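Start from chain A and add chains B and C according to the hints.
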Amino acid sequence: MTFQRNVAALTVAATLTVSVAAAADLVIAGRDGGYAEALGMAVEAYQAENSGLEIDRLELPYDGLLEKVTISMRENAAAYDVIMLDDTWATEFMSQGWLADLDVLGGGIDEDFVSATVAVSRYPVGTGTLYAVPFVGNVEMFAYRSDLMDRPETWTDVVAAAKKVSEENEDVSGVVFRGMKANPIVTGFLPILWAHGGQVVGDDGEAALDSPEALEALNLYLELKEYAPKGVEMYNSSEVRDALMQGTTAMSIELWPSWAPSLDDPEKSRVPGKIEVVAAPGETVGSSPMLGSWLLAVPADAPHPERARDFIDFVTSAEFQKKLALEIGQPPTRASVYADPEVVAKYRWYPNQLAALEVAKPRPRIKQWNRVETILGDYLQLALIGDLSPEVALEEADAQIAKALSR
Amino acid sequence: MVRKRHDKIRIGLTYLVTAVFLVPIVWMITTSVRPPIDYVSTSISLIPSQITLEHYRELIEADLMGKAMNSLIVAVGTTTLALIAAFPAAYALVRLRFPAGLDIVFLMFVLLVKLTPPISLAIPLYQVLRSMGLLDTLAGLIIVYQVYALPFAIWMLLGFVRDVPVEYEEAALVDGASLFRRLRSIVLPVMMPGLIATSVFLAILSWNEFAYALLFIQSPENFTLPTFIATLITEDETFWGKLSAVGLLASLPILLMVGFVQKGLTRGFGGGIK
Amino acid sequence: MHRKSGLLALALLSPAIVLFLALTIYPLARVLALSLFATDYGFEGATYVGTENYSELFGHRFFRTAAWNTLVFAVLATVSEVGIGLMLALMVNGRLPGSRFVIPALLAPYVLSTMVVTAIWRAWFHYDFGYLNNLLRAVELPPVEWLFNPDIAMLSLVMVDAWQTSPLTFLIILAGLQSIPEEIYEAASVDGAGPRHVFFGITLPLIIPYLFLAALLRSVDAFKIFDKVYALTGGGPGLATETLSMYVYRLGFKFFDVGAASAAAIIMVVISGLLALVYAYKLVGDK
Chain A
0 MTFQRNVAAL TVAATLTVSV AAAADLVIAG RDGGYAEALG MAVEAYQAEN SGLEIDRLEL
60 PYDGLLEKVT ISMRENAAAY DVIMLDDTWA TEFMSQGWLA DLDVLGGGID EDFVSATVAV
120 SRYPVGTGTL YAVPFVGNVE MFAYRSDLMD RPETWTDVVA AAKKVSEENE DVSGVVFRGM
180 KANPIVTGFL PILWAHGGQV VGDDGEAALD SPEALEALNL YLELKEYAPK GVEMYNSSEV
240 RDALMQGTTA MSIELWPSWA PSLDDPEKSR VPGKIEVVAA PGETVGSSPM LGSWLLAVPA
300 DAPHPERARD FIDFVTSAEF QKKLALEIGQ PPTRASVYAD PEVVAKYRWY PNQLAALEVA
360 KPRPRIKQWN RVETILGDYL QLALIGDLSP EVALEEADAQ IAKALSR
Chain B
0 MVRKRHDKIR IGLTYLVTAV FLVPIVWMIT TSVRPPIDYV STSISLIPSQ ITLEHYRELI
60 EADLMGKAMN SLIVAVGTTT LALIAAFPAA YALVRLRFPA GLDIVFLMFV LLVKLTPPIS
120 LAIPLYQVLR SMGLLDTLAG LIIVYQVYAL PFAIWMLLGF VRDVPVEYEE AALVDGASLF
180 RRLRSIVLPV MMPGLIATSV FLAILSWNEF AYALLFIQSP ENFTLPTFIA TLITEDETFW
240 GKLSAVGLLA SLPILLMVGF VQKGLTRGFG GGIK
Chain C
0 MHRKSGLLAL ALLSPAIVLF LALTIYPLAR VLALSLFATD YGFEGATYVG TENYSELFGH
60 RFFRTAAWNT LVFAVLATVS EVGIGLMLAL MVNGRLPGSR FVIPALLAPY VLSTMVVTAI
120 WRAWFHYDFG YLNNLLRAVE LPPVEWLFNP DIAMLSLVMV DAWQTSPLTF LIILAGLQSI
180 PEEIYEAASV DGAGPRHVFF GITLPLIIPY LFLAALLRSV DAFKIFDKVY ALTGGGPGLA
240 TETLSMYVYR LGFKFFDVGA ASAAAIIMVV ISGLLALVYA YKLVGDK
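Residue numbers (numbering that gives the first Met the number 0), protein chains in the order written: chain A, 0 to 406; chain B, 0 to 273; chain C, 0 to 286.
No incorrect hints appear here.
Here are the simulated BS3-like pairs of lysine-lysine, each with C-alpha atoms no more than 27 Å apart in a straight line: (1) Lys366(A) x Lys253(C); (2) Lys229(A) x Lys163(A); (3) Lys360(A) x Lys402(A); (4) Lys360(A) x Lys224(A); (5) Lys402(A) x Lys253(C); (6) Lys273(A) x Lys224(A); (7) Lys163(A) x Lys273(A); (8) Lys162(A) x Lys224(A); (9) Lys321(A) x Lys267(A); (10) Lys281(C) x Lys113(B); (11) Lys253(C) x Lys360(A); (12) Lys273(A) x Lys321(A).
Bear in mind the hints are in silico, worked out from the structure with no lab data behind them. Everything numeric in this text was worked out from a predicted model, so none of it was measured.
If we strip away everything but chain A, and leave its shape as in the complex, we get (with noise of 0.2 Å):
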């Protein structure tokens, strides 16, 4: 009967290849898109210095690595031996004991590394044990046309600024935002929220969304859409990348440095030279930038956590932080890099940018942080699209927030 030997065939042989499935000396989890680029040539570089490593790497959206690596953590999978996070994940995965301490695993962190993004690496935040080394020095950037306006400087400036440039021009809207559900939207409703005296959690730890100030953040947030482009709800960074450097858009709430490195490369944007980046605007209190910065940790159970160390401590040196920032132009953590003249020549408004950096708002320090921004962002987009009031929306999204916290 042939058939029932092939079947002992087949099954002999997939349990022998599921037990020999190939296991990798190095395995990194990371974003996508310029992230996954950043991380690319790091472990290509990496491994010309290591012949014969082997080294496997995800690149998954925002969403996507969030998911994993909790999911990871949770179970003590020991899938991964280096994690990139969002420096507001990383105060759960530090408290919950998921990451190894660097002290512990040698390397330190020295002086050079700007002092806000080694806070957030840190819990207790700013004093405690090293968990983590920043890896981008991402601060939220505002963007506007020098050709097309003058630099607003407070967000009502930004209203009246994107309504004339929509009425003076047809094929330019008046700003671009990230509308996407989830951490898009937040992202860049919080610096308009901040600046505003608003608060998702208030100091005391408690939900504090429902309040005027907030209230008149997200008005003026709603505002702005009118002077957006059609779909704005579903744009992600690449959608506003391309209205930028497109030319089709005045100004963009925010600009994440990643995202545009090559604001004046002729070949890639059709606006050179015409694109400020400057720190978000304020309005009844001052500018408020939010820190993004993304830091490399080694989980407590990865397999191997000596390589993963090196690999960290080999890809946030100076040396490989300034070849990203000038082959990329991924923003670096160091300070003597942003100092560079070298990488100051290419990008004009890295010393904008570094001043930003050193003195950015990081997100609430809340293990819930992710819970509760996906929970806003859902309601700050049902605001947007109008199935919800400003007014309802808020106030439900405290009472979710409210009960989120208390968990």
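What follows is chains B and C alone, placed relative to chain A:
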């Protein structure tokens, strides 16, 4: 005469609709060899401006073969395990008498499992796999895929066992053949086409499965093709060529088996009708 | 042949029973128990909350929207798929040169992985460069916001589902058409019945069981929809395409609100249990 003309229109229309149905697949095939510059065009031509194999090259570099191997292992393992468990069960349900209608109860339960949304079992299955130490392994995936595969296999094999004339077995029984021998030398050979159709179905099912693979596999080296494809659908929507290439490669094996599907489909789902 | 042999039956069923115990009975029991607790993982450190998870779900806008969307999707998908399947089956039934190629070609979308299908359609739905909008522009029509517009996103999802699964309904209905004996039609044509009369008077009544089966299969599957939503819209814009499976996934695997996720899962199981009853009734009725 009128009828003949109607027939011609009907036939022509059938060809046309079939062609329209296939346009997305044709688009996938041609996009897989298109240079990236073509994506941002507004042309509706399905013919590439020039042909490139760069997407296929990139995929090979991204260890596509490894993921395909994983998918193959999982498909073969799932199919084998499901058949081993389902065949004796289907045989017993058709040929043996059960007390108190227990066979009907069992069948109804199988049906319920078949209809249960897989996501609703995902949370506890996590714990099941963890306690067996099989999280993030292909073997674990083969086991949880039985949630889909086993009810399907039992249901489909029921009909095929019924088709085996009971007289053949009775004759062998008179000759004193044991159950094992009857199964091996009579039932299995007669059922062979049915078993093959069932296997093909099970293999396609697990080859294409996404939700459990997404949840239970964390290490990139254990990713199956659908989860690998999902990682290519990212914020930067510019991987169309790569996506098409991997989509085509992942689909080729099952497109080749589409003939079997046609035979098996109505069979496996019909159950009661036929 | 039909010996009464409980032990033998048990032995033959045991592999399947073991798998079912581990993979469905135990998990279902555990989900049911977890749904009565507030927990972020298992029973350790969990607090008993009775039916609070359920009452909170029913009171929550997102859950109600997800349930409503799932229903809308299931109905729209089922109706359009049975409709398209019937149309295709009527076209293919009868003399068709090259049917050896036409039928497998029509089946092709059904065997593709859902991830491949969503990858294709995501590109097709792209507002600026997607193939669909390119087609519309070519005939001077305005482009459509396939996935961006909350009123259209659900229809786009139905369209993708219809493309992928109409082949299944088509095949089932075709089997029904082919089971009708030719003599019935001959008798009708002798009586001089017109084509409309033949269809509504003869064909339709005879294939009703097949239409019903196709509708049942599709509605059950549509009710579970997860991967298309996950990869095409992520549930958005707003909550326009949020479905129950997506909701359970987010609660359970993103927020680790395992108690509430379990309660939502139990609600899904109960609904599919009801569908299973309809299915079973139908099967028993036919026998």
